[in-house]
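Each protein sequence line maps, in turn, to chains A and B.
Taking my numbering, the leading residue of the first sequence gets 278, the next gets one more, and so forth.
Taking my numbering, the leading residue of the second sequence gets 163, the next gets one more, and so forth.
These are computed hints drawn from the structure, not numbers from a lab.
Even glycine gets a Cβ: it sits at the ideal position worked out from N, Cα and C.
Among these hints, one or two may not hold up.
[Said to hold, decoys possible] Only part of the chain B face toward chain A is listed, based on derived beta-carbon distances under 7 Å:
id, residue
1, Pro-214
2, Asp-318
3, Ala-320
4, Glu-321
5, Glu-541
[What the hints assert, rightly or not] Non-contacting residues of chain A with respect to chain B, defined by C-beta distances greater than 10 Å in every case (computed):
id, residue
6, Val-457
7, Gly-467
8, Ile-528
9, Arg-834
10, Gly-846
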Amino acid sequence: MGSPEHGIVVVGAGHAGCEAALAAARMGVPVVVVTLHAGRVAEMPCNPAMGGVGKGHIMAELDALGGVQPWAADRSGIQFRMLNRSRGPAVWGPRAQCDRADYSRRMARILGGVPGIRVVEGEAMGLLVRDDGVRGVLLAGGERLRAACVVLGTGTFLGGILHTGPERRPGGRFGEAPSVGLGRALEALGLELRRHKTGTPPRLHRDSLDMDRLEVQAGDDEPRPFSWRTASVRNCAVCWITRTPPVVQRIIGDNLHRSPLFAGVIEGTGPRYCPSIEDKVVRFPHHDEHTIFLEPEGLDTPSVYVNGLSTSLPRDVQEAVVHAVPGLERARFLRYGYAVEYDVVPATQVRRSLEVRGVEGLFLAGQLLGTSGYEEAAALGFLAGVNAVARLRGERPLVLGREEAYMGVLVDDLVGRDQREPYRMLTGRAEHRLILGVDSARERLMGRGVELGLVPERVFHVERSRWERREDAVRWLEESTLNPDPETRTAVRGVAGIELERQTTWAAVVRRQDVDLERLIRSLPPLAALGVEDARVVVSRVRYAGYLERHRREVERLKRLGSVVIPQGFLDEDVPGLSLEVREVLRRSRPETLAEAERLPGMTPAAMAILVSRLAGRGVDRG
Amino acid sequence: MIRVSGPGALAVGARVAPGLRTDRPWRAQLVELHGPAAEPVDRGIVIPYHAPSSSTGEDMVELMVHAAPAVIRIVLESCEAAGARPARPGEFTRRAVANGKMDLLQAEAVAELVHAETAWELRVARSQVDGELSRRVGVLREGLTALLARLEAALDFAEQGVAVDLDALERERAALVEAMGRLRSSVRSWERLRRGVRVVLLGPPNSGKSTLFNTLVGMERAIVSPHPGTTRDLVEAEVELGGVRVTLVDTAGVREGGDAVEAEGVRRATEAAADADVLVVLRAVDGETREAGEPTAGVPWIGVVTKSDLDPGVVPPEGWVAVSARDGTGMEELEERLRGMVSGDVEPDAVSVVVNRRHAAALESAAASVEGAPLDEPELAAEDLREAVRHLDELMGRVATDDVLDSIFETFCLGK
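Throw the hints in and build the complete structure from the sequences for me.
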């Protein structure tokens with residue numbers, strides 16, 4: 278049945294697997310996708326939403342590079358909001374509530390529609406490995422799928438165990454069996470596995486909610502799509518907000534011993550940013566209430582996701598907690614919350630290309646590498662797919678810098694520093710947050726998408742003219758002079774609401790604290806011509822100018838450091854002057870450039886000075 | 163004591179002290195010490211150390227020998243013959259830093275410790291070696307990180323309605339800036355401690371400056387004997403007052419002579435006063451009653467009515483001290499007041515931390531970043547606070563980590 282001998286096998290059809298398969302196939306390499314359930318592609322087992330602050334940034338980048346998730350989210354989206362709209366564009370976070378079932382069906386159709394992708398239902402039991410390189414995948418029935426590269430995106434399925442109170446059953450997701458053999462195969466390759474844990478809240482029936490007691494959270498008036506592929510999107514659903522009453526503290530407190538989390542049954546490490554309600558009650562005993570967001574799971578389903586009540590407490594306790602919440606007194610459960618424990622491969626064992634160190638051709642992606650979230654998974658899947666193709670073709674892998682993209686931050690954080698909990702992207706993780714906004718994602722990355730052949734040049738040209746117009750407007754604001762003659766003063770008063778006292782530039786006006794920016798954006802012709810969103814970007818860039826300049830200098834410095842390659846043998850030398858701790862960190866983390874070395878935990882300026890002098894010296898010696 | 167450190171230290175120890183059991187680290191052993199030609203020279207206590215459990219983090223040997231110069235010389239020669247070389251200044255400390263045994267601040271303090279001349283300097287440097295400044299900067303950094311965490315949470319968890327309480331942020335910011343300022347100002351204090359507090363005696367001719375100067379020098383331990391100034395025609399002496407190094411400056415004689423010289427003298431006295439940390443303004447009990455030269459604004463001063471023995475019933479102006487160098491009246495009070503001023507002028511923080519120019523510059527930059535942060539625009543304010551954290555990290559000689567995130571999760575209740 279036709280192994281892709283010169284192609285790629287992708288194990289798993291979740292967000293990582295789909296993106297890996299689509300990228301590789303669209304780059305012209307034959308791909309076989311192995312999945313346990315061909316009918317459950319790109320599931321959203323947690324909340325039915327994509328994006329947000331940090332995650333939305335990743336989606337904007339993935340879109341600029343030619344990934345598919347943002348487009349699919351646009352098509353299946355039922356409510357769109359731009360978070361942090363009132364702040365600068367660097368922290369705008371596009372988010373969409375999606376129709377779960379529609380998203381899954383859509384992604385399955387997309388997979389099916391790309392030539393070169395074949396979906397095989399089955400369980401990958403093992404890896405075919407020879408001469409330090411992967412040669413394919415062994416299926417449960419004994420079939421061998423030969424391939425030049427393998428991408429694993431198994432999500433929460435490796436050794437998965439689901440917990441609801443005392444109930445404990447093997448499973449990767451609700452109602453689905455886990456994968457067991459593959460974990461052993463990875464261990465046999467010498468890889469260390471670790472247990473992670475995550476959880477999900479109950480699902481309730483929409484008709485059983487007391488809507489009158491819930492606050493409505495509507496989408497934006499002008500919803501904005503994620504993708505350049507999408508012309509426009511519209512809102513067709515709302516979410517609701519309520520809060521847990523103080524009595525929930527007591528209900529949970531009385532039953533804590535029945536939570537597998539606290540009874541010590543669950544060993545895996547859970548994410549701090551996504552704690553269960555029992556976690557919240559224990560860690561924040563002084564909080565009387567916790568906000569609950571009720572999110573519809575789709576247009577054709579009555580299922581509502583209870584964001585804020587992730588739990589693995591027994592069913593009766595879940596019912597007591599939910600029924601204590603205003604508006605949920607008579608709520609009917611469609612599904613109970615559960616926690617899932619699963620195996621991950623700490624990402625310090627892969628290269629920045631996501632290829633396993635020491636096993637040529639084996640790439641890992643998604644939750645298997647210790648992330649959480651559909652967006653992080655898709656980003657890693659995309660990179661794994663692209664880099665598997667690069668491996669096949671003997672080309673350089675796509676490795677993005679921390680100063681270039683959140684996707685670079687993601688990979689560097691995972692590979693360069695040991696993450697002890699499921700990793701979620703936050704803008705706070707990026708040193709260069711101000712230059713990594715969603716507004717600049719296409720400027721930063723679309724050229725790469727074109728090089729990969731995943732973004733049409735025509736689109737690139739349209740986008741480029743758009744950001745060039747923005748740059749022109751920035752320049753115009755900086756250079757245009759305003760003289761305080763009566764005519765100009767009246768004009769400035771009219772468009773910016775301020776008094777002009779002496780000669781200045783429009784840029785200086787924009788930077789003033791008392792300027793009416795919203796009016797300026799809409800009434801100053803060069804800005805108004807750009808449209809509101811681009812005008813806001815322009816104005817922010819002018820206001821950010823000093824900060825942006827600082828970043829540009831730092832980026833230059835990092836580029837210089839990044840250009841100094843550390844010979845791998847050097848890491849094992851006893852470099853005089855380096856502390857034992859630093860030597861150990863270098864040996865373990867194996868940075869490939871000085872820029873990577875600088876980021877390592879435990880690195881000191883003194884050690885960097887030694888490395889710079891030693892390695893820059895070598896460079897000179899070699900001419 | 164002779165210290166040998168480095169990968170070959172144990173071998174050197176074994177050559178110099180053949181009886182030494184280098185396989186028994188951290189034990190003081192009484193052994194025979196040999197010269198370069200293996201001739202017995204002395205018996206001494208020798209302690210071998212195995213890396214990394216030594217003060218330098220390397221293999222190390224400490225040899226305690228008798229303090230006879232010849233013994234020391236021969237044992238040193240013997241060490242060199244065995245492959246050791248003389249340490250460069252500060253080399254042990256540098257190695258300790260490189261091996262993570264000491265942080266940069268502690269190392270700097272060791273340098274200060276070595277040069278300490280007064281009891282106070284010694285105490286301050288000592289506490290620094292124990293990490294006092296690191297601790298204080300650590301507290302500042304924690305405060306910054308907590309503030310930053312609030313801003314970051316407002317940005318990253320907007321979805322969950324984390325609000326920014328601007329007033330609370332402003333209060334936190336103000337407290338941080340103030341704390342940084344306090345620590346930074348101790349640089350002046352420390353420099354004053356190291357350089358000496360300049361106490362300048364100022365007064366009209368014949369108001370008894372020289373007599374008071376000599377009496378004060380006589381009462382205190384002179385560090386350097388009085389010598390006539392060559393460039394400024396000022397007489398200076400260094401004394402230790404209340405543990406603080408004090409440079410006493412006598413402007414005596416500068417106004418004597420002709421008009422031209424007098425003008426020059428006034429200029430110099432004024433200069434000396436401007437350079438003073440503390441002024442002692444004198445007026446003889448029988449002298450002119452007009453105020454003796456209003457002291458430079460901002461410089462703390464003390465008024466002294468001298469020659470009080472000439473008029474035992476004199477009532478000095480409020481805050482002034484009446485003294486007689488001849489019978490000692492008031493001298494103790496004056497000394498007490500002076501002691502209070504020289505140490506009181508030094509920030510209390512300086513008692514326990516050394517802050518040098520490098521530290522002060524880093525603290526200043528950090529404070530400027532914090533002060534300038536526009537808290538109502540969190541994404542920009544966060545940039546400034548991150549910058550401030552970097553300055554503190556530079557000060558401490560380390561590179562930032564993910565502490566902010568940890569702080570966020572400790573402070574906020576977030577999540578699905």
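Violated hints - listed by number, lowest first | Violated hints: none; all satisfied.
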